[in-house]
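One line per chain: the protein sequences are A and B, in this order.
Every letter in the first sequence is one number past the one before it in my numbering, and letter 38, counting from 1, is 116.
Every letter in the second sequence is one number past the one before it in my numbering, and letter 30, counting from 1, is 34.
Keep in mind that the hints were calculated from the coordinates and are not lab data.
Watch out, some of these pointers could steer you wrong.
[As the list claims (entries may be wrong)] As a list, the in silico BS3-like pairs of lysine-lysine whose alpha-carbon atoms are at most 27 Å apart: (1) B:K61 with A:K81; (2) A:K81 with A:K148; (3) A:K194 with A:K81; (4) A:K148 with A:K194; (5) B:K61 with B:K17; (6) A:K81 with A:K116; (7) A:K194 with B:K17; (8) A:K190 with A:K94; (9) B:K17 with A:K94.
[What the hints assert, rightly or not] Here are the computed distance ranges between Cβ atoms for each label pair: (10) B:R67 with A:R106: 22 to 32 Å; (11) B:T11 with A:P118: 39 to 49 Å; (12) B:S69 with A:S152: 20 to 30 Å.
Predicted model, so just to flag it, every value in this text is computed and none were measured.
Each residue gets a CB set at the ideal place from its N, CA and C atoms; glycine is no exception.
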Amino acid sequence: AQKVTQAQTEISVVEKEDVTLDCVYETRDTTYYLFWYKQPPSGELVFLIRRNSFDEQNEISGRYSWNFQKSTSSFNFTITASQVVDSAVYFCALSEARRGSQGNLIFGKGTKLSVKP
Amino acid sequence: KAGVTQTPRYLIKTRGQQVTLSCSPISGHRSVSWYQQTPGQGLQFLFEYFSETQRNKGNFPGRFSGRQFSNSRSEMNVSTLELGDSALYLCASSPGGLGYNEQFFGPGTRLTVL
Numbered sequence: 079a080q081k082v083t084q085a086q087t088e089i090s091v092v093e094k095e096d097v098t099l100d101c102v103y104e105t106r107d108t109t110y111y112l113f114w115y116k117q118p119p120s121g122e123l124v125f126l127i128r129r130n131s132f133d134e135q136n137e138i139s140g141r142y143s144w145n146f147q148k149s150t151s152s153f154n155f156t157i158t159a160s161q162v163v164d165s166a167v168y169f170c171a172l173s174e175a176r177r178g179s180q181g182n183l184i185f186g187k188g189t190k191l192s193v194k195p
Numbered sequence: 005k006a007g008v009t010q011t012p013r014y015l016i017k018t019r020g021q022q023v024t025l026s027c028s029p030i031s032g033h034r035s036v037s038w039y040q041q042t043p044g045q046g047l048q049f050l051f052e053y054f055s056e057t058q059r060n061k062g063n064f065p066g067r068f069s070g071r072q073f074s075n076s077r078s079e080m081n082v083s084t085l086e087l088g089d090s091a092l093y094l095c096a097s098s099p100g101g102l103g104y105n106e107q108f109f110g111p112g113t114r115l116t117v118l
């Protein structure tokens, strides 16, 4: 069965601190996709990144970076120098490749990040 | 490009009623997926439509149904509403062609069942 675990339910940091959000996934497929989404209080899920199972290269985008390790089935997300605007719920998600389908996204329970000034 | 739009944004219904939610995907996107978000169960996949055909379905009872029109707009319907159907319903669109594309979400419809 496919599963995504975000063990951290809530994290609170002070502005400018670095913070890492953990994500561990389970799948039997060799081809799959991993995602991070941000959900601000407005409710809309904002796409942050997609990684496929064959690309373990880490990625950096501004203050955001992602560390994908197949050996530990983890796809962690780090925010450097956090800002108040980063406060949101962050979801890690998994999708298995299916011919003729976008597949469905299997979400973790989310990590609520609060960044205090 | 305009993003995914969902109407209405808020709905209040009573048990036993039925409800229809609407989703307009990003222009050019042909795949529309629906998700339910509740505090207890989190985000769960309902179904996906592509070119007016349902091509993937989550584990929800038959009271939940959907359809897609030729212009890719989609509706989902919930019949015989139960209290547990109170949730944020999110629609997502993607190009849906060959290969895999990320899904872009709308603001959601918050349904309250009394």
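Right, here's what the structure says about each hint:
1. B:K61 with A:K81: holds, 17 Å
2. A:K81 with A:K148: holds, 15 Å
3. A:K194 with A:K81: With a Cα-Cα distance of about 31 Å, the restraint between K194 (chain A) and K81 (chain A) is violated, given a limit of 27 Å.
4. A:K148 with A:K194: Violated, because 33 Å separates the two Cα atoms, which is more than 27 Å.
5. B:K61 with B:K17: Holds - the C-alpha atoms of K17 (chain B) and K61 (chain B) are around 25 Å apart, at most 27 Å.
6. A:K81 with A:K116: Within the cut-off at roughly 19 Å; holds.
7. A:K194 with B:K17: Between K194 (chain A) and K17 (chain B) the Cα gap is close to 37 Å, so the pair fails against 27 Å, i.e. violated.
8. A:K190 with A:K94: Cα-Cα ~17 Å, so holds.
9. B:K17 with A:K94: Between K17 (chain B) and K94 (chain A) the Cα gap is close to 44 Å, so the pair fails against 27 Å, i.e. violated.
10. B:R67 with A:R106: 22 to 32 Å: Since R67 (chain B) and R106 (chain A) have Cβ atoms about 31 Å apart, the given range 22 to 32 Å holds.
11. B:T11 with A:P118: 39 to 49 Å: For T11 (chain B) and P118 (chain A) the Cβ distance comes to about 20 Å; the hint is violated.
12. B:S69 with A:S152: 20 to 30 Å: At 37 Å between Cβs, range violated.
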